[in-house]
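Asks: These are the residues of each chain, in order.
There are 2 protein chains.
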Amino acid sequence: MSKVLVFGHSNPDTDAITSAISFAHLQQQLGVDAEAVALGTPSEETDYALTHFKTAAPRVIETAANEVSQVMLVDHNEAQQSVSDIDELEVLAVVDHHRIANFETANPLYYRAEPVGCTNTIILKLFKEHGIEIPQNIAGLMLSAIISDSLLFKSPTCTPEDVSAAKELAAIAQVDLEAYGLEMLKAGTNLSTKTEDELLNTDAKNFPMGDKQVRIGQVNTVDVNEVLARQSALEAAMAAQNAEGGYDLFILVVTNILDSDSAIVVVGDHQATVEAAFETTLVNGVAHLPGVVSRKKQVVPQLTEAFK
Amino acid sequence: MSKVLVFGHSNPDTDAITSAISFAHLQQQLGVDAEAVALGTPSEETDYALTHFKTAAPRVIETAANEVSQVMLVDHNEAQQSVSDIDELEVLAVVDHHRIANFETANPLYYRAEPVGCTNTIILKLFKEHGIEIPQNIAGLMLSAIISDSLLFKSPTCTPEDVSAAKELAAIAQVDLEAYGLEMLKAGTNLSTKTEDELLNTDAKNFPMGDKQVRIGQVNTVDVNEVLARQSALEAAMAAQNAEGGYDLFILVVTNILDSDSAIVVVGDHQATVEAAFETTLVNGVAHLPGVVSRKKQVVPQLTEAFK
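Protein sequences appear in the order of chains A and B.
Each residue of the first sequence is one higher than the one before, counting from -13 in this note's numbering.
Each residue of the second sequence is one higher than the one before, counting from -13 in this note's numbering.
For reference, chain A alone in the conformation it holds in the complex (with noise of 0.2 Å):
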């Protein structure tokens, strides 16, 4: 068998990282020639989580074809999250918590999804499925992506089967979990030092809704005004990349890891639409959303049924 990349969804966050490492690492072990890759570069998080448990940034590609026939995707499954070239590629296995959408093969492939709040929650099972054992900073990497992915266990992403998951990975990275948590979470918000285009990347996704392009980004914070403050300046780059990109609306969700809210920048057109989407009213193109941690569960649904 050639070798087979390994990556998760562009704009990467901790698990679109680990879980390539994770699954790769279980490739591996099963005889697959695998290689975890990555497209782009690890957010301030990531590098904590990785330079915690000493372990390499995967190499960055933006296409595959050219190295590879075949890949695996992990965290995403939509082609426009994934690398430019995926229409040449052979999709030979998926493992990933989204919903599916903008996704086909001409063959049938391994494809595992739960509705659970992490994909290294379901490499877990996977490993312990094929009686694999877990490095000690493998295990680290899954862990930092479960405390990622449900801030701490307090997004309502977040399953029982994601906190047994972190608890057994933690036990074998040897941390204590909740100071390891909120240590590597703190090392994502410190967003003084970036600018509004990288703010606005840190986590930003396209969704397809009826006809339009709906652009999400999603910042985690401890202040939600540090972000407010620049809100003039985030709207200009918010305009700008929505005509470079073509998406109909940019919104951008900043999230207070500490008390579970969310506040919204809404630029571009259809704003009644996200009004009616959040019940909420946009004042000065800013709403806020109590209790809305989480991008997937309490965002997009909601967006998508208003968009129809």
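The hints are simulated quantities; they were obtained by calculation from the structure and are not laboratory data.
Any given hint could be a false lead.
Repeated chains share a single entry, so a pair holds when one copy, or any two copies, can fit it.
Derived DSSO-like pairs: lysine-lysine, alpha-carbon spacing no greater than 27 Å straight-line [claimed, not checked]:
1) K283 <-> K(-11)
2) K283 <-> K198
3) K(-11) <-> K294
4) K153 <-> K114
Please read these numbers as outputs of a predicted model, since none were measured by experiment.
With chain A held as given, fit chain B onto it using these hints.
Replies: Same frame as chain A, now just chain B:
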């Protein structure tokens, strides 16, 4: 949790009917109010299995949104093979062994696909992963599906996992795998009572190839000549379907399940392309293809390539 319907594809074969029964049983054991239904009546082969294992045929439905809001799909995912109102339903889970296409959800879901020969091979794994015992009759139906999809392990779609799953299920079902399997397959080959259109539609699918529309039907038999004796009546029916359905080409694959060979009957344009695809010569519209039993692996890819 409100009631959930579980069903396989339309024009159901033995795997489509029985995987709904086995997966619904698993879900019931997990506390879900699941009912197995079907998008058509059982074939004679499936009837043989249901009767042998004293299980009632699932209720037939055409739409689902009139009774439930959530469904689980087995043995298919493509919308055109599902209930007509699939767009109005939430798909909670899919268990399948086909390519993924024309499938999209708004929410994360449970999706389990593996490139094996039969959906019930995957469902057996799920029973074991959950530590749930399989009743004797359901094991027999699951076994029947593996025998059907693999033509008693002779199809190139059959994997070692399918063979070992079948042996394990035969032990629970308390049947002699070979003897039962041959009887069941033979029960599906009673073609004498069927009209030409019934024969053609037993298991027919449309495939776009280049800019041509190709319809490929398949029937199993223990005597190819019994079918070829009806050649002129079949050809008239195929020509009528081509005219009505706008197909450029109709190929009927007549498969001898004992010898693992097929004959094809070809009606429509592009006969030279068919000859090139199978490196054969059509004599009076018929060619014999030694060793060919799988439409998915030995007919469709070769034709697709020839039509490029």
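Asks: The structure should be examined with respect to each hint, and the outcome stated for every one.
Replies: Now the hints, each set against the structure:
1. Proximity of K283 and K(-11) under a CA criterion of 27 Å is satisfied inter-copy only: 23 Å between copies versus 35 Å inside one chain copy.
2. For the homomeric pair K283 and K198, the shortest alpha-carbon distance inside one copy (20 Å) is at most 27 Å, but the shortest distance between copies (39 Å) is not.
3. Proximity of K(-11) to K294 under the C-alpha cut-off of 27 Å is restricted to the inter-copy arrangement: shortest distance 25 Å between copies versus 42 Å within a copy.
4. With identical chains, the CA atoms of K153 and K114 are at most 27 Å apart both within one copy (15 Å) and between copies (24 Å).
Of the numbered hints stated above, none is contradicted by the structure.
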